[in-house]
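Colleague: Could you fit the two chains together into a complex? Lean on the hints.
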Amino acid sequence: MGFSWDYLLQGFSIALTWQNLFWALFGSLIGTLVGVLPGIGPSSGIAILLPLTTFLPPTSAIIMMAAIYYGAMYGGSTTAIVVNIPGEASSVPTAMDGYEMAKQGNAGPALAIAAISSFVAGTLSLFGLTFFAPICAGFALAFGPPEYFALMLMGLSLVISLSGRALLKGVISMAIGLLAALIGQNPLTGAARLTFGSVDLMAGINFISVIVGVFAISEVMLNIEAEAGAISLAGIKNLMPTWADIKRCTGAMLRSTGVGFFLGLLPGCAPSVTTFVAYDLEKRISRDPDRFGKGAIEGVAAPEGANNATSTAGFVPLFSFGLPTAPSMAVLLGGLMMYGLQPGPMLFKNNPQFVWAVIASMYIGNVMLLVLNLPLVGLWARIAVVPFPVLAPIIIFCSVLGTYSIRFILFDVWVMLVFGLIGYFMRKLGFPIAPLVLASVLAQMLETSLQQALLISQGSPLIFFTRPISLAFMILSAISILWGLWVQLKKKSRVVVEETDE
Amino acid sequence: MQVIVKTQRKADIVSGCFLVVLGILVLIAASQIRGGMEERLPPRTLPYIVGATILAGGAFLALKSWRFAGKDVPLKWPDRGAMIRLTVILLAVVVFVLVMTPLGFHLSSGLYIAFSIWYLKRSAVWTALIAGLITGALSYYVFGQVLELSLPMGTVFFND
Numbered sequence: 013m014g015f016s017w018d019y020l021l022q023g024f025s026i027a028l029t030w031q032n033l034f035w036a037l038f039g040s041l042i043g044t045l046v047g048v049l050p051g052i053g054p055s056s057g058i059a060i061l062l063p064l065t066t067f068l069p070p071t072s073a074i075i076m077m078a079a080i081y082y083g084a085m086y087g088g089s090t091t092a093i094v095v096n097i098p099g100e101a102s103s104v105p106t107a108m109d110g111y112e113m114a115k116q117g118n119a120g121p122a123l124a125i126a127a128i129s130s131f132v133a134g135t136l137s138l139f140g141l142t143f144f145a146p147i148c149a150g151f152a153l154a155f156g157p158p159e160y161f162a163l164m165l166m167g168l169s170l171v172i173s174l175s176g177r178a179l180l181k182g183v184i185s186m187a188i189g190l191l192a193a194l195i196g197q198n199p200l201t202g203a204a205r206l207t208f209g210s211v212d213l214m215a216g217i218n219f220i221s222v223i224v225g226v227f228a229i230s231e232v233m234l235n236i237e238a239e240a241g242a243i244s245l246a247g248i249k250n251l252m253p254t255w256a257d258i259k260r261c262t263g264a265m266l267r268s269t270g271v272g273f274f275l276g277l278l279p280g281c282a283p284s285v286t287t288f289v290a291y292d293l294e295k296r297i298s299r300d301p302d303r304f305g306k307g308a309i310e311g312v313a314a315p316e317g318a319n320n321a322t323s324t325a326g327f328v329p330l331f332s333f334g335l336p337t338a339p340s341m342a343v344l345l346g347g348l349m350m351y352g353l354q355p356g357p358m359l360f361k362n363n364p365q366f367v368w369a370v371i372a373s374m375y376i377g378n379v380m381l382l383v384l385n386l387p388l389v390g391l392w393a394r395i396a397v398v399p400f401p402v403l404a405p406i407i408i409f410c411s412v413l414g415t416y417s418i419r420f421i422l423f424d425v426w427v428m429l430v431f432g433l434i435g436y437f438m439r440k441l442g443f444p445i446a447p448l449v450l451a452s453v454l455a456q457m458l459e460t461s462l463q464q465a466l467l468i469s470q471g472s473p474l475i476f477f478t479r480p481i482s483l484a485f486m487i488l489s490a491i492s493i494l495w496g497l498w499v500q501l502k503k504k505s506r507v508v509v510e511e512t513d514e
Numbered sequence: 811m812q813v814i815v816k817t818q819r820k821a822d823i824v825s826g827c828f829l830v831v832l833g834i835l836v837l838i839a840a841s842q843i844r845g846g847m848e849e850r851l852p853p854r855t856l857p858y859i860v861g862a863t864i865l866a867g868g869a870f871l872a873l874k875s876w877r878f879a880g881k882d883v884p885l886k887w888p889d890r891g892a893m894i895r896l897t898v899i900l901l902a903v904v905v906f907v908l909v910m911t912p913l914g915f916h917l918s919s920g921l922y923i924a925f926s927i928w929y930l931k932r933s934a935v936w937t938a939l940i941a942g943l944i945t946g947a948l949s950y951y952v953f954g955q956v957l958e959l960s961l962p963m964g965t966v967f968f969n970d
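Chains as they are written, first to last, in our numbering: chain R, 13 to 514; chain H, 811 to 970.
Chain H with its partners taken away, still in its complex shape (with noise of 0.2 Å):
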């Protein structure tokens, strides 16, 4: 990615050309949408509108980009190691949400605590720890006690 979109230019040429993509999407998925010719406002009218607008916006903006001669701005994107920082921590939270139905939101959270402290700051072992047990002690008691959101309990030891 870093290669095709180094500058502003490129990445709207890029994100034009996709908004075009979702635009016609929606369009189709619209074209889909039954009943209601009848009414004044069909349902399908605005899903038309929006995907209309995106289309064009895209369109727009993908071939406006591409006429642009002025001067160009470099994009700010990640250098390796921040990348791969971002990747892990939202892979641990998507693990995190997979989880928590089998090991319930309290022990699933406080792991996922710990585990994402103690990835972004190595030395703050005790830190993460700690903030784990906590946050999963907290959660059961203020979340699951005190408040009764029904979150889940985990059907690894809850067969409900």
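Looking at chain R on its own, in the form it has when it is part of the complex (with noise of 0.2 Å):
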């Protein structure tokens, strides 16, 4: 299995349809909202409107939801770069450089050269998915269940070790998560588990409602709770870059997108994670490190591009294995499942037509964003001022008629709020969310893997370090785990994790 240029025009032809194009570019707007209003991150965005796209072909809706994830990239500059507040975590690197640059009158290019590189970043970063994923995915081929699952448990553990100097915290919340998606009937046997006679429970808790709680509703908490008001915002002059800017910056664009896009493919390497690698690389490389934090251009250029690249590259690992890298993506493999497509290679196997699609979509969605972002930059950061006190019910709303429609039954909604709380005190008490999210998506793949692999080996454990792949996931996994280790012993402090929806 590998790249055909066939598959790919093919993608493009269903992509240009009318109906595509326009989810495509639905989902951009929305993204770009998502992303420029700080009271929401594309993790909740996505699992919000999920439920609410049942109505489309899973194609449409698919594409609607990648355009949302880095629309949603793309916008969480705005208003780091106008008014010094990042939509996202991965943008407050933007804000270093960006905002002092609004400070000193040049907004306009800082938000330009912010979209351009968003731009050639993603796009450059569409070639690598182009062209790795169908090669990952053939390699994936030769998976078997052992594999899968060591594969899964390095996932998990690869985020859990990323969790810093909390990797005991994140232990726990992996173990949350995966209790979360145990309740209910068990997929293989039937048998009902912990439902403590509870005829609600028993039909099982829905991951989707565990994402928008976790994310959204402890998100608007923490908002309510600091009382997050308007933002005031200044006029955007002088909109273009100089050429002098544009050469300046090449050279951080193409860095930032080799940095985003390798990185991005490991599990756990959020763009929260990415952008701040590149931003120091950028100030370490550079002639003059002191004129970053002072309004450096190449101070923006690195992150925004880190960042979409990072975006592109997580559909690498998603398409080919299965295998969400951070809670964007495991719910857009939420979405992927709700409509009965199962990621891995046989997605590429089975559904090319809908795979080169998405993919050929992500060029087009591209593009817009780029037309969407350079002369609708003012419009964008005009939308952040709408006030918080608005905004909190609206999203509120939106996520108890998301949950709702998944399965139609209020006890989603309960499990949503119920959640909600978990997550308003697990950030509190410094507990990561990412492990949580990602167990409760993975849980059921994990188990039913765990299981085939035992029935294939007779009941020995041993089969998942017997087979070279599984055991070299098996390797990584402690690897990271160790390393996580090392790096909470190393720093003896306690520190509070913080966390967004990412």
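Simulated from the structure, these hints should not be mistaken for lab results. Just to be clear, a hint being listed does not mean it is correct.
Heads up, simulated DMTMM-like pairs for lysine to aspartate or glutamate below, C-alpha to C-alpha not over 20 Å straight-line [to be verified]:
(1) 931/H / 239/R
(2) 931/H / 889/H
(3) 502/R / 882/H
(4) 886/H / 239/R
(5) 820/H / 882/H
Modeller: This is the structure in structure tokens:
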């Protein structure tokens, strides 16, 4: 299995139908909005809208969801630059120099370079996705249940180890995610588990309710607590950067694409991690590092490029292995599963039109976002002025509607509210949220592949260590946990984990 | 709560103890899962592992924090005003969900939006009313009529 021009062109022919163009545009608009508004992140945005897309065919729905995701990556920079409020955690490095530029009267060039860098990195990493994903999928064809189990275990352990100094809390967070997913009927035997005789719990806990709760509701609660108000906004003039600016940023765009794309292939390396790495790299190799933090335009180009490259790279493991590398990807995986599509090598084999149409639509979406972000940047910045007291109830309303629409039972809404409280306390007490989300999405596949692997080995767990690929993943899992332990032991001070919806 | 867990260390001890109790509950519930012992992976195995992980993780967290002698970090809890704001908004959501069946989704969502916006921004009475009306109307036409989602219509108005 490899790259094929025929499939890509076929993908473009599907992505260019007016319906799919419309949903890509709609997703880009919603995504930019989600990115611009500080109270809601891409995972919540996708999770809230996911159940409402059931009237769409799978291809259009996933095209829209993907557009929301990368659209949010474009939009996150706007408020970071104009008012020093990053819409997403990944936009924090952008704010460092972007806001300084805005204060110097250069908000326009900063916004424009953010959009151009996002476009360049997004498009280049799409080439990476186009060529890498089918190769990885071909490799994944050799995977059996033991390899899949070990791969998912590796994904989870990487996400936990990247919880930084909160490794133990990362493990507990993962266990809570698994616990939520285990409630209800066992998918293999039908046995009721942890239901305490409740009929509602028999149906199980839907992971969309969990995700919307821990992200959207807890985020709204934190903003209400902080009494987030309206944002004041200065006018944006001189939109276009000079040629000298573009020339100065070219290297930063290319380097950040490489950093963002290759790190983005790893589970747990969310844009909030890679943007800092890319920013730091630019600062280190700069001839004049003192300019960074004082309005260096490369300090805007680098994190924005890495941001978009990482978000595109996440689709490689998602499509080829069915492995989500970040919570947003976990929600997209949930979307695919909702439509009965199982990501992984068989997706490329059985549904090539679908995969290639989504990939082709991402090329188109990137162009759309450049067009939306360059001339309309002033408008987007003004949307951020919507006061949070108006926005918060609307986000909660959308969350209630979204979770209710999954199965049309009120129980899901109560679950969402309970997980909203859990998410709020987890954030307050320094528990990372990403392991919980990933575990709740992966639990069923994890259990199924473990069951199948044990069937093959007649109950012997040695099967995970006797097959080379599975052994490699198991070793990587162990290394990532040991690395996490080392990071934790290295610095013994107590740090509250800062985490947002990404 | 503010008195008990003012710092990260105390919060970790309290959450660790809570997790120990949760882990024990999960283990008890897992022991009551029936059948499947002939399976290679009996249905109670993963719940046992998860319960044990939560119990052990909680115990370790509580003990580690108990013995922690380094510099503690204060936790930022909401002040009285923020606590009231949060409670009212959460109660509003609970009421919204409770009245959804009798009043119907569209009416209850309009009322919820209007109340919440008004409560969070008292000066925006008209914004609250208009937003409530628009939400109710959009909810009815877009989600009810166009997308045909089977949302509760209200037992007060429709005896279906």
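Colleague: Does the structure keep residue 931/H and residue 239/R at a Cα separation of 20 Å or less?
Modeller: Cα-Cα ~10 Å, so holds.
Colleague: For the pair supplied as a hint, residue 886/H and residue 239/R, confirm whether the alpha-carbon distance does not exceed 20 Å.
Modeller: Judged against 20 Å, a Cα distance of about 14 Å means the pair holds.
Colleague: Is the straight-line distance between the alpha-carbon of residue 502/R and that of residue 882/H 20 Å or less?
Modeller: Holds - the C-alpha atoms of residue 882/H and residue 502/R are around 17 Å apart, at most 20 Å.
Colleague: Take the C-alpha atoms of residue 931/H and residue 889/H, compute the straight-line distance between them, and say whether it is at most 20 Å.
Modeller: holds, 18 Å
Colleague: Can you confirm whether the C-alpha distance between residue 820/H and residue 882/H stays at or below 20 Å?
Modeller: holds, 9 Å
The structure fails none of the hints (numbered hints given earlier).
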